[in-house]
Every structure is written in C-alpha cells, then in structure tokens.
Amino acid sequence: MKKRLKETGRGWLYLLPALLFLGIFMVYPLIDVLVYSFEESYNFASQSYTGVGLYNYKYVLRDPYFIQALKNTFIIVIITVPVSTTLSLLVAYLLSRITKLKELFQTVSFLPYVTNTLAVGLVFMILFKKTPYSDGMINILIHFFGGESVDFIDGPYWAKMMVMCIYTVWVVMPFKILILTSALASVNETYYKAARVDGTSSSRIFTRITLPMISPMIFYLVITGFIGAFKAYSDEVALFGTDLNKAGMNTIVGYVYDMLYGDSGGYPSYAAAAALILFMIVFTITLFNLLISNKKVSIGGGN
Amino acid sequence: MKVVLEHLTKRFPNRNKKIHTEVVAVSDFNVEIPDGLLVGLLGPSGCGKSTALNLICGLETPTEGKIFFDSDDVTDLPPEKRGVGMVFQNYALYPHLTVRKNIMFPLQNFKGEDKLTKEQMNERVMQAAKLVQIEELMDRKPSEMSGGQQQRVAIARALVKMPRLLLLDEPLSNLDARLRLQTREEIRRIQTETHITTVFVTHDQEEAMSISDFIIVMKDGVLHQMGKPQDVYDRPANLFVAKFLGTPPINVFAGEVKKGDVYIGADCIYRGTKLEDREVWVGIRPEGFILKKDGALTCDLKAVEVMGRDTSIVCENEALTGQPTVRAIIPAETPIETKGGNVRFDIKPAKLYLFDKQTEEVLEGIQ
Amino acid sequence: MANEAKKKGTGRGRDRAKSIVTYVLLSIWALIVLFPFYWMVLTSFKSYGSYNSEYVPRFVVTDPTVQNYKSAFTEVPLARYFTNTFLFTIITTALMLVVIILAAYAFARLKFRGKNAVFALFLSLMMIPNELVVITNYVTITNWDMRNTFLGLILPSVTSVFYIYLLKENFEQIPEELYKAAKVDGTSDLKYLLKVMIPISQPTIITITILKVIECWNSYVWPRLITDDRNHYLVSNGIQEIRESGFGRDNVPAMMAAVVVISLPLIILFLIFRKKIMAGVSRGGLKG
Chain A
1 MKKRLKETGR
11 GWLYLLPALL
21 FLGIFMVYPL
31 IDVLVYSFEE
41 SYNFASQSYT
51 GVGLYNYKYV
61 LRDPYFIQAL
71 KNTFIIVIIT
81 VPVSTTLSLL
91 VAYLLSRITK
101 LKELFQTVSF
111 LPYVTNTLAV
121 GLVFMILFKK
131 TPYSDGMINI
141 LIHFFGGESV
151 DFIDGPYWAK
161 MMVMCIYTVW
171 VVMPFKILIL
181 TSALASVNET
191 YYKAARVDGT
201 SSSRIFTRIT
211 LPMISPMIFY
221 LVITGFIGAF
231 KAYSDEVALF
241 GTDLNKAGMN
251 TIVGYVYDML
261 YGDSGGYPSY
271 AAAAALILFM
281 IVFTITLFNL
291 LISNKKVSIG
301 GGN
Chain B
1 MKVVLEHLTK
11 RFPNRNKKIH
21 TEVVAVSDFN
31 VEIPDGLLVG
41 LLGPSGCGKS
51 TALNLICGLE
61 TPTEGKIFFD
71 SDDVTDLPPE
81 KRGVGMVFQN
91 YALYPHLTVR
101 KNIMFPLQNF
111 KGEDKLTKEQ
121 MNERVMQAAK
131 LVQIEELMDR
141 KPSEMSGGQQ
151 QRVAIARALV
161 KMPRLLLLDE
171 PLSNLDARLR
181 LQTREEIRRI
191 QTETHITTVF
201 VTHDQEEAMS
211 ISDFIIVMKD
221 GVLHQMGKPQ
231 DVYDRPANLF
241 VAKFLGTPPI
251 NVFAGEVKKG
261 DVYIGADCIY
271 RGTKLEDREV
281 WVGIRPEGFI
291 LKKDGALTCD
301 LKAVEVMGRD
311 TSIVCENEAL
321 TGQPTVRAII
331 PAETPIETKG
341 GNVRFDIKPA
351 KLYLFDKQTE
361 EVLEGIQ
Chain C
1 MANEAKKKGT
11 GRGRDRAKSI
21 VTYVLLSIWA
31 LIVLFPFYWM
41 VLTSFKSYGS
51 YNSEYVPRFV
61 VTDPTVQNYK
71 SAFTEVPLAR
81 YFTNTFLFTI
91 ITTALMLVVI
101 ILAAYAFARL
111 KFRGKNAVFA
121 LFLSLMMIPN
131 ELVVITNYVT
141 ITNWDMRNTF
151 LGLILPSVTS
161 VFYIYLLKEN
171 FEQIPEELYK
181 AAKVDGTSDL
191 KYLLKVMIPI
201 SQPTIITITI
211 LKVIECWNSY
221 VWPRLITDDR
231 NHYLVSNGIQ
241 EIRESGFGRD
251 NVPAMMAAVV
261 VISLPLIILF
271 LIFRKKIMAG
281 VSRGGLKG
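Chains as they are written, first to last, in my numbering: chain A, 1 to 303; chain B, 1 to 367; chain C, 1 to 288.
Simulated from the structure, these hints should not be mistaken for laboratory data. Glycine included, every Cβ here is placed at the ideal spot set by N, Cα and C. Errors might be hidden in some of the hints.
[What the hints assert, rightly or not] With the Cβ distance kept under 8 Å, some of the chain C side facing chain A (calculated, not the full set): (1) Val33; (2) Trp39; (3) Leu42.
[What the hints assert, rightly or not] For lysine to aspartate or glutamate, the following DMTMM-like pairs were computed, each having C-alpha atoms within a straight-line distance of at most 20 Å: (4) Lys101(B) / Asp114(B); (5) Lys180(C) / Glu60(B); (6) Lys102(A) / Asp15(C); (7) Lys351(B) / Asp267(B); (8) Lys302(B) / Asp346(B); (9) Lys275(C) / Asp189(C); (10) Lys351(B) / Asp220(B); (11) Lys219(B) / Asp70(B); (12) Lys258(B) / Glu364(B); (13) Lys246(A) / Glu169(C); (14) Lys100(A) / Asp15(C); (15) Lys191(C) / Asp114(B); (16) Lys193(A) / Asp15(C); (17) Lys180(C) / Glu80(B); (18) Lys101(B) / Glu215(C); (19) Lys246(A) / Glu244(C); (20) Lys6(A) / Glu215(C); (21) Lys258(B) / Glu276(B); (22) Lys130(A) / Asp15(C); (23) Lys183(C) / Glu7(A); (24) Lys130(B) / Glu113(B); (25) Lys292(B) / Glu276(B); (26) Lys212(C) / Glu169(C); (27) Lys183(C) / Glu6(B); (28) Lys183(C) / Glu60(B); (29) Lys219(B) / Asp114(B); (30) Lys292(B) / Asp346(B); (31) Lys81(B) / Asp189(C); (32) Lys2(B) / Asp70(B).
[Claimed, not checked] Pulled a few chain B residues facing chain C out of the computed Cβ check, cut under 8 Å: (33) Pro95; (34) Met104; (35) Pro106.
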C-alpha cells in the first residue's frame with residue numbers, strides 16, 4: 001500500500017510541469033474566454049464590467065468589419081480547400097507514376113512547408129504588385145497573353161481575393177501532397193496487378209481502386225483543410241500588411257487579434273465573443289464533415 | 001546458494017474490476033532449492049511459474065510467505081539488492097546499445113564501494129562474453145544478431161554482476177528447434193562452469209528433464225512434485241505429473257482392482273496388489289508394453305510407425321481416456337507378427353501406475 | 001504475330017507519351033513552387049537602381065551586388081531579430097522536450113491513481129484551437145508584466161498535448177521486459193528514462209524537435225501580440241516591420257535580401273534532414 005502511494009506521488013511529480021503549463025495556458029484560458037465573452041463593457045485598465053449577457057456577441061455580429069471578415073474567411077475556405085486538395089491529388093498521383101527524379105520533385109514540392117509564410121508572402125506581394133516603376137511580374141505575364149493589368153495588392157476586391165487564394169493554396173499544398181503521396185504508396189500493388197490482368201483502363205483503376213482506397217486520407221485532409229482555412233490570418237498579413245480592415249481583407253482570426261491588440265484593440269470581450277463564434281463554426285463544420293465522410297468512406301470501403 | 005520459499009503466496013486482484021475475487025498465481029509454496037544446481041521450474045502455460053520466478057527475483061512482492069537466500073530473509077529487498085541475474089523470455093536487450101554496452105549496463109549501476117573502474121568493468125564484460133562465447137560480436141547491435149546470439153548476450157548480461165542466483169524465464173521458447181537443443185546444452189555448460197544456482201522456467205517437460213539437476217512441477221499455482229528428473233518421472237506423485245512428463249505421454253486407462261488384481265476391461269494386467277477393490281486410473285508408460293502373442297492386454301492394432309531406433313505401435317482400447325489411441329514403444333528388433341486385428345501386450349510393472357479415481361494421487365501397491 | 005508486335009509498339013509509344021506528360025506537368029508544378037524562391041534570390045542581388053529602372057524585370061542579374069545584404073544587417077536590426085528567434089526557438093524547444101518527455105513517461109510507464117482521467121483530459125485538450133486561449137494568455141502575460149520579455153514569448157508555447165500523445169505512444173511500444181531487466185539491475189526510474197527510453201525513442205524525439213523548431217522559427221501571431229519593442233521581435237515580426245517601415249517602402253532588393261537571410265536557416269535544415277522531416281511531418285500529420 002505504501003508502495004502504491006509512493007508510485008502515485010511519483011507519477012504526479014513527472015506530470016507536474018505539463019499540468020502546470022496546461023493549466024495556466026490552456027485550461028484556465030478556456031474557462032476565462034467564456035467568462036470574458038459574457039461580461040459586458042469590460043474595461044481592460046480597471047478590469048471591471050457592468051453586466052453579464054449576450055451583448056458582446058450581438059455587437060460582434062453587427063460589426064461590419066466582422067461581417068467582412070466572415071465573408072472573406074468563407075470565400076477563402078470554399079475556394080482553397082477543394083482547389084488545393086484536387087491539385088495536391090494530381091501532383092501526388094503524378095509523383096506516384098515516376099521513378100526517375102522522384103526524390104527531387106518530392107523535395108521541391110515540400111519546400112514551401114518549411115519556409116516562413118511571412119517572408120515568402122512578401123515575395124508574392126512583390127510579384128503581384130503594381131507600382132509606379134513596374135507593373136510587376138504577373139501583370140507583365142498577363143500583358144504578354146493580351147490581358148489588362150490589375151493591381152492585385154491595392155486594387156479591386158476580386159483581384160486581392162485571387163492573390164489571397166493563390167498564395168493560400170501554394171502554402172497548404174506541400175503538406176497535402178506529402179500525405180497523399182504516402183497514402184498512394186500504401187495502396188497494395190497487387191490490386192493494380194489484378195486490375196491490369198482484367199484489362200482495366202488506367203482512369204478506371206484510378207477512380208475505382210485508387211480513389212476509394214485513399215478516400216479516408218482525402219477526407220482527413222479536407223477536414224483539417226477546413227479547420228486550417230478557417231483560421232487563416234498570417235498569410236493575409238504577409239500579403240496585405242497588418243491593417244487588414246483597411247485592405248478589406250481581414251479574417252475572423254484577424255478580427256480577434258485586432259480587437260485584442262493594436263490601434264483598434266483593448267476589447268478582450270469582443271475578441272472572446274468572436275473567437276467563440278469561430279470555434280462554433282469550425283466545430284459545426286467539422287462535425288458535419290465527419291458525418292458525411294463516415295458515410296462516404298464506408299461506402300468507398302477504404303480502411 | 002540455497003533458496004528457500006516458505007508458504008509463498010501471491011494473489012492478484014482480478015483484471016475485471018467488477019469481480020472482486022482474487023486470482024491466486026502462487027499458492028502456499030514450500031520449496032528448498034539446493035545450492036549449485038540447475039533447477040527446472042516446470043508447468044503448463046499460465047500455471048504461475050513466471051510469477052514464482054518474479055517473486056524470487058523481487059519484481060513482485062509476495063502476498064504472504066517468505067523468501068530466504070541461504071539464511072538471509074530477502075522478502076522485502078528490492079531486486080537490485082538481492083544479487084540475482086535474470087534472463088527474460090524475449091531477452092530484453094537494449095536495442096540501441098551494442099553488445100558490449102548491454103553487458104556493461106548492470107555494472108554501471110553499482111554505487112559506493114562497489115563502484116568499478118573502467119578497466120575492471122571491461123575485464124568483467126570480457127569474462128562474461130568469453131563464458132558465453134560471443135567475444136567476436138561485442139560491437140554489434142541486438143538487431144544484427146540471431147535469436148541464439150541474443151540469448152547468449154542476455155545470459156552474459158545477467159552473469160556479469162556475478163549474481164548469487166541466475167533466473168531464466170522460458171529461455172528457449174523463442175528459438176527454433178535446432179537452436180533450442182544447442183542452447184540448452186549451452187545453458188547446462190555455463191551452469192556447470194559457474195556453479196551458480198540457476199532456476200529456469202519452462203513449459204516444455206523435455207527441456208526441463210534433459211538438463212535439470214532438479215525439477216519442480218507446478219500447476220494452477222500449486223506445487224505438485226519436486227525432485228531429480230528421473231525420480232519424478234519414475235515415481236510421479238499424481239496423475240497430473242505422470243501425464244505431464246514424458247513423450248509420447250503416458251497412456252491412461254479406466255481400470256479396476258478386484259481381489260488385489262488390476263483389470264483393464266476384462267483383461268487382468270497385474271496380479272497381487274495389496275489394494276482393496278476399487279476403481280482406479282491405470283497409467284502405463286509407452287515403453288512399458290511388451291509385445292507378446294499371449295499377452296495380458298488386448299488392443300485393436302491401427303498402425304505401426306517405424307522410427308528407426310524403435311517402433312511405435314498405435315492401437316485402440318475402449319478403456320483408454322484422454323487421448324484417442326494407445327501408443328506403445330517397443331524395440332525395433334521385435335518382430336511384429338500381427339497384421340491388423342488384435343495385438344496383445346504384457347505390462348512392465350515398473351512402468352505401471354495406479355491412481356485414485358477421485359484424488360488422482362498415486363496408489364502404492366505395485367512392486 | 002506482326003499484328004501483336006505492332007500493338008505492343010503502340011502501347012509502348014502511349015506509355016512514353018504519358019510519361020512525358022507526367023514529367024512536363026511535374027516540371028510546371030516545380031516551377032511554380034520554385035519561382036518565388038528564385039525571384040527573391042535574384043532580386044536580392046540587384047542593385048536598388050537597376051531594380052527600379054527595369055520596367056520589365058529581368059530574369060538574370062547583370063551586375064550582382066551584396067549591398068542589399070549589407071543594408072539588411074545595418075539599416076534594420078536583422079541580426080537582432082535573428083538572435084532573438086534563435087534563442088526563442090532553442091529555449092522553447094528544449095523546455096518543451098523536458099516537459100513532454102516527463103509527461104509521456106508518466107503516462108506510458110508509471111502506474112498511478114487518476115492516470116486515465118488526466119489522460120482523457122489531455123486528449124480532449126487536443127481539440128482546442130490556439131485562437132481560443134490566446135486572448136486570456138495575452139491578458140495573463142500582460143498582467144505578469146512579461147510583455148517584451150523572452151519569458152512572455154516562451155511560456156505559453158512550452159507544452160504540446162499532441163507531442164505528449166505522440167511520444168507516449170512511442171514509449172509504450174518499448175517492451176515492459178526492458179524495464180524489468182533494468183529494475184533487476186538496480187536502475188533508477190530516471191536513469192532508465194535517460195539511458196534507455198530516450199535513446200530508443202530518438203527518431204520520434206528528433207521528429208518532434210524538428211517540427212517544433214519549424215513552428216517556433218515561423219511563429220508570428222503570439223510574438224506580434226506580446227512584443228512591440230523591436231529589441232524583442234522575432235524574424236516574422238521583423239519582416240513585417242521591414243515591409244511596413246524598414247528600408248522605406250520601395251527598397252525591394254533590400255527587403256528580398258532580408259527575406260533570403262530569414263528563410264535560409266530552415267531551408268538548409270530541411271535539405272540536410274530532408275527524409276527525417278518529411279517522414280516526421282507525415283507521421284505527425286494528425287496535428288489539427
């Protein structure tokens with residue numbers, strides 16, 4: 001009995017550092033953020049509030065900046081998730097068909113994952129930006145094909161959104177390609193051999209054998225892709241600078257931070273309400289995704 | 001060193017937490033393991049023999065009872081203070097360390113005045129390695145060696161601390177048949193050279209019989225018999241021990257004692273016991289049959305298997321229990337005259353045992 | 001016979017055409033990935049004057065200059081950002097390793113009351129997005145007067161439930177017998193952890209280390225919230241600062257030089273540990 005007690009003590013001792021950090025920086029904040037979101041007219045300096053209620057949520061939902069951020073975030077999610085997943089599948093499929101130079105192409109494909117998104121975002125901005133000195137690389141290409149030049153960084157909304165989506169896709173693809181490449185490699189070779197013996201065409205092999213087999217991974221990527229895209233923020237900063245509201249390119253996460261800090265900051269209650277709204281959206285959509293994928297994946301017969 | 005177990009008992013709580021009964025792994029063990037012998041702890045799987053080994057080693061603490069090494073009570077000592085070396089079933093070699101470092105590992109734990117210098121450690125490691133003949137493998141990793149070689153490293157690691165007692169848990173079960181034969185001789189040799197009292201656990205009776213000086217047979221946590229292998233084989237204390245030792249196993253018939261004579265069905269196979277009339281289990285070792293035209297026991301011949309050195313006669317008898325056919329082993333030179341139909345045997349009294357129908361304890365009465 | 005041979009021939013021809021298409025498509029993809037890197041290196045070697053005089057930018061440098069790199073280190077405190085990030089990355093990663101190794105060991109090897117309950121709590125914390133807790137953490141660090149300090153930067157990033165989980169799974173695969181063997185030899189728990197478990201789990205620990213280093217090196221949001229003093233900026237914040245007021249908005253070549261310098265460490269790290277990193281990311285991919 002004494003020994004058990006000693007063991008228990010030791011177990012908790014080993015856990016202590018993790019518990020301390022998690023308690024202070026995760027569990028407590030979770031409770032706290034809920035409290036904040038219901039405290040009305042919270043004052044940062046005096047740490048006082050006037051009442052408890054849903055006012056913060058109402059304020060946030062009526063704030064035009066938040067509506068803009070919500071709209072931007074949804075557009076980014078709806079465009080980038082399907083596009084990046086499809087393109088990644090294509091690249092992964094192409095990679096699975098080659099043997100020569102395979103490692104080189106894989107390495108190149110993965111490169112964006114390890115780069116600082118703020119840094120490379122700056123390069124993208126330079127490439128797309130139109131300045132008095134130069135139309136920028138991309139506009140020159142557009143000219144070359146006979147199009148009109150556009151300022152993608154300070155120009156019309158659709159142009160900014162386009163760059164935003166292109167950059168997001170560029171940033172998220174390496175991870176997806178990597179996962180899909182290993183998923184494709186894990187499909188047992190004998191299925192392909194059997195199909196070829198039966199004279200199955202390669203497109204049929206892909207849609208009837210490969211896709212169902214890797215469908216769990218695809219759904220996994222879609223779900224994590226949704227979650228990631230909803231949290232979009234630093235890629236936007238990289239392209240349009242820290243004042244995203246001015247650029248009209250703010251996202252929900254950006255709105256949260258703006259409310260917390262900076263020139264428009266000092267409103268942790270609004271930030272908390274916005275963060276919880278985001279969490280609820282992500283939670284609902286993930287749940288929804290899981291429900292759909294459970295059905296489809298089981299039909300697909302993947303493991 | 002002599003090991004004495006006194007009323008040693010280990011109970012575990014049931015794994016299913018809803019059931020509050022306890023599982024008795026070792027029950028009231030009283031054993032005296034003589035000094036300097038190679039001892040086989042033998043029993044079917046799950047009989048508590050590994051628990052018994054863990055208790056001796058100190059990895060488990062007994063619920064009741066005491067353990068003595070010579071006259072020292074070690075019951076409450078942690079493993080490292082008992083001076084035991086242990087070889088695990090899967091060898092438990094550290095995969096990231098070379099053979100040399102694996103063997104050295106226990107020495108590096110020595111503290112205080114026992115602390116060894118680098119040179120002393122190297123010397124001890126080389127000694128141990130030489131003993132198990134792995135000097136050429138010192139810089140390999142465990143994954144680069146065969147099962148047999150890993151086994152030797154594990155033994156060397158256990159021996160390097162110069163333990164008073166060496167424990168081996170199923171040392172041969174992970175080896176293939178050929179290596180098993182070789183390794184068990186190796187264990188015998190190492191034990192003979194070092195004179196360290198050695199206890200090894202096995203479920204393979206042949207293994208235990210072939211190399212042990214002394215065997216302990218247990219089942220369901222209970223000690224059934226101990227002694228020299230040949231003595232236990234020749235004079236089993238009960239039906240379980242008789243059945244467990246020997247390949248092919250003993251033939252067991254439902255029989256009867258009538259007026260001092262032993263009957264299997266209508267055949268009288270032995271005359272003149274001093275037992276009262278009763279039903280009994282009759283055990284006959286395969287080598288206890290003598291093929292004879294007018295023998296006492298009649299069986300239906302099914303097959304004759306020639307095995308070179310001797311011949312195995314497979315036949316049927318209605319009174320047989322536990323297995324489908326009677327197996328008799330006779331010398332190869334014996335001519336077998338019967339082709340199909342009946343065979344008749346006389347029974348060697350020394351290979352014949354009678355057991356109580358209820359308690360299954362052996363009944364004395366056959367000379 | 002002839003017919004069959006012909007058929008085979010066209011089959012092979014089609015295979016070749018397919019393989020050419022494959023390589024062409026992959027090359028286009030590689031070009032898209034590499035172009036921004038090429039452009040940033042290229043621009044970083046152009047002089048301010050020649051860059052601004054090229055209405056149609058040139059794809060090669062005619063008069064390469066390292067002036068931009070000099071300005072990157074002299075006109076903005078790039079070296080400072082660099083040291084800060086370096087220190088932040090090393091300390092955070094090291095502290096995290098200590099914390100998660102101890103926790104993973106407790107979960108994997110020790111028996112204690114309440115273990116399952118705590119572990120369930122840990123697992124449920126894995127679903128909580130960082131964005132939700134950042135608000136309070138910001139307030140906490142501000143109240144502790146730790147804005148613009150290394151401690152303030154580091155503390156909230158020290159634990160990762162996911163890595164504890166990953167490491168615990170790995171620790172559990174180490175056979176129980178090894179622990180028993182070590183016990184028989186009188187090895188203490190701590191020594192067993194240091195001498196046996198950590199070396200055996202080295203691949204996983206390296207994976208975690210690499211992932212954490214990448215995460216730290218690129219972190220932007222938390223440092224932005226918690227620092228407004230240039231002396232405590234990390235490279236990501238530095239880049240943003242440079243972009244908004246560093247060299248004057250138009251000195252693109254100097255900016256690109258700074259970007260190259262900032263991107264280089266991780267790219268070098270990646271090229272050295274390519275296989276480990278890719279295997280690690282795909283294994284640790286469950287991170288959500």
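Okay, the hints, checked on the actual structure:
For Val33(C), the interface hint holds, the least distance from its beta-carbon to any beta-carbon of chain A being 6 Å, beneath 8 Å. Interface hint at Trp39(C): satisfied, since its Cβ lies 6 Å from the closest Cβ of chain A, which is below the 8 Å cut-off. With its C-beta approaching chain A no nearer than about 10 Å, Leu42(C) sits outside the 8 Å limit, and its interface hint is violated. At roughly 19 Å between alpha-carbon atoms, Lys101(B) and Asp114(B) fall within 20 Å of each other, so this suggested pair holds.
With a C-alpha separation of about 10 Å, the suggested pair Lys180(C) and Glu60(B) falls inside the 20 Å cut-off, and the hint holds. A hinted pair counts as satisfied when its Cα atoms are at most 20 Å apart, and Lys102(A) with Asp15(C) qualifies at roughly 18 Å. Proposed proximity of Lys351(B) and Asp267(B) is supported: the alpha carbons are some 17 Å apart, at most 20 Å. Using a Cα cut-off of 20 Å, the hinted pair Lys302(B) and Asp346(B) holds, with the two alpha carbons roughly 18 Å apart.
Using a Cα cut-off of 20 Å, the hinted pair Lys275(C) and Asp189(C) is violated, with the two alpha carbons roughly 33 Å apart. Restraint check for Lys351(B) and Asp220(B): the C-alpha separation of about 27 Å exceeds 20 Å, so the hint is violated. At most 20 Å may separate the alpha-carbon atoms for a hinted pair to count; Lys219(B) and Asp70(B) exceed this at roughly 26 Å. As the CA atoms of Lys258(B) and Glu364(B) are separated by approximately 16 Å, the hinted pair is consistent with the 20 Å bound.
Under the criterion of a C-alpha separation no larger than 20 Å, the hint pairing Lys246(A) with Glu169(C) is inconsistent with the structure, at around 47 Å. The suggested pairing of Lys100(A) with Asp15(C) holds, with an alpha-carbon distance near 15 Å, which does not exceed 20 Å. At most 20 Å may separate the alpha-carbon atoms for a hinted pair to count; Lys191(C) and Asp114(B) meet this at roughly 18 Å. Proposed proximity of Lys193(A) and Asp15(C) is supported: the alpha carbons are some 16 Å apart, at most 20 Å.
Restraint check: the Cα-Cα separation between Lys180(C) and Glu80(B) comes to about 11 Å, which is no more than 20 Å; the hinted pair holds. Between the alpha carbons of Lys101(B) and Glu215(C) the distance comes to roughly 37 Å, so the proposed pair goes past 20 Å and is violated. Taking the CA atoms of Lys246(A) and Glu244(C), the gap is about 14 Å. The hint holds against a cut of 20 Å. Simply put, Lys6(A) and Glu215(C) have alpha-carbon atoms about 38 Å apart, too far for the 20 Å limit, and the pair is violated.
Between Lys258(B) and Glu276(B) the alpha-carbon distance is near 7 Å, which keeps this suggested pair within the 20 Å criterion. Our distance criterion of 20 Å between C-alpha atoms is broken by Lys130(A) and Asp15(C), whose separation comes to about 44 Å. Distance restraint check for Lys183(C) and Glu7(A): the Cα-Cα separation of roughly 15 Å lies within the 20 Å cut-off, and the hinted pair is therefore satisfied. The hinted pair formed by Lys130(B) and Glu113(B) fails the criterion: a straight-line CA distance of about 26 Å is larger than 20 Å.
Annotation: proposed proximity of Lys292(B) to Glu276(B) is violated, straight-line Cα distance about 29 Å (limit 20 Å). A C-alpha spacing of about 18 Å is found between Lys212(C) and Glu169(C), which places the hinted pair at or below 20 Å, so the restraint holds. The straight-line distance between the Cα atoms of Lys183(C) and Glu6(B) is roughly 24 Å, outside the 20 Å bound, and the hint therefore fails. For the hint linking Lys183(C) to Glu60(B), the alpha-carbon distance of about 11 Å falls within 20 Å, and the restraint holds.
Among the hinted pairs, Lys219(B) with Asp114(B) is inconsistent with the structure: their alpha-carbon atoms are about 40 Å apart, more than 20 Å. Between the alpha carbons of Lys292(B) and Asp346(B) the distance comes to roughly 6 Å, so the proposed pair stays at or under 20 Å and holds. Simply put, Lys81(B) and Asp189(C) have alpha-carbon atoms about 16 Å apart, close enough for the 20 Å limit, and the pair holds. Taken as a hint, the Lys2(B) and Asp70(B) pair is honoured in the structure, with Cα atoms around 5 Å apart against an allowance of 20 Å.
With a cut of 8 Å, the hint placing Pro95(B) at the interface with chain C holds, because the nearest CB-to-CB distance is about 6 Å. The interface hint given for Met104(B) is broken, as the beta carbon of that residue sits about 11 Å from the closest beta carbon of chain C, more than 8 Å. For Pro106(B), the interface hint holds, the least distance from its beta-carbon to any beta-carbon of chain C being 4 Å, beneath 8 Å.
Checked against the numbered hints above, the structure breaks hints 3, 9, 10, 11, 13, 18, 20, 22, 24, 25, 27, 29 and 34 and satisfies the rest.
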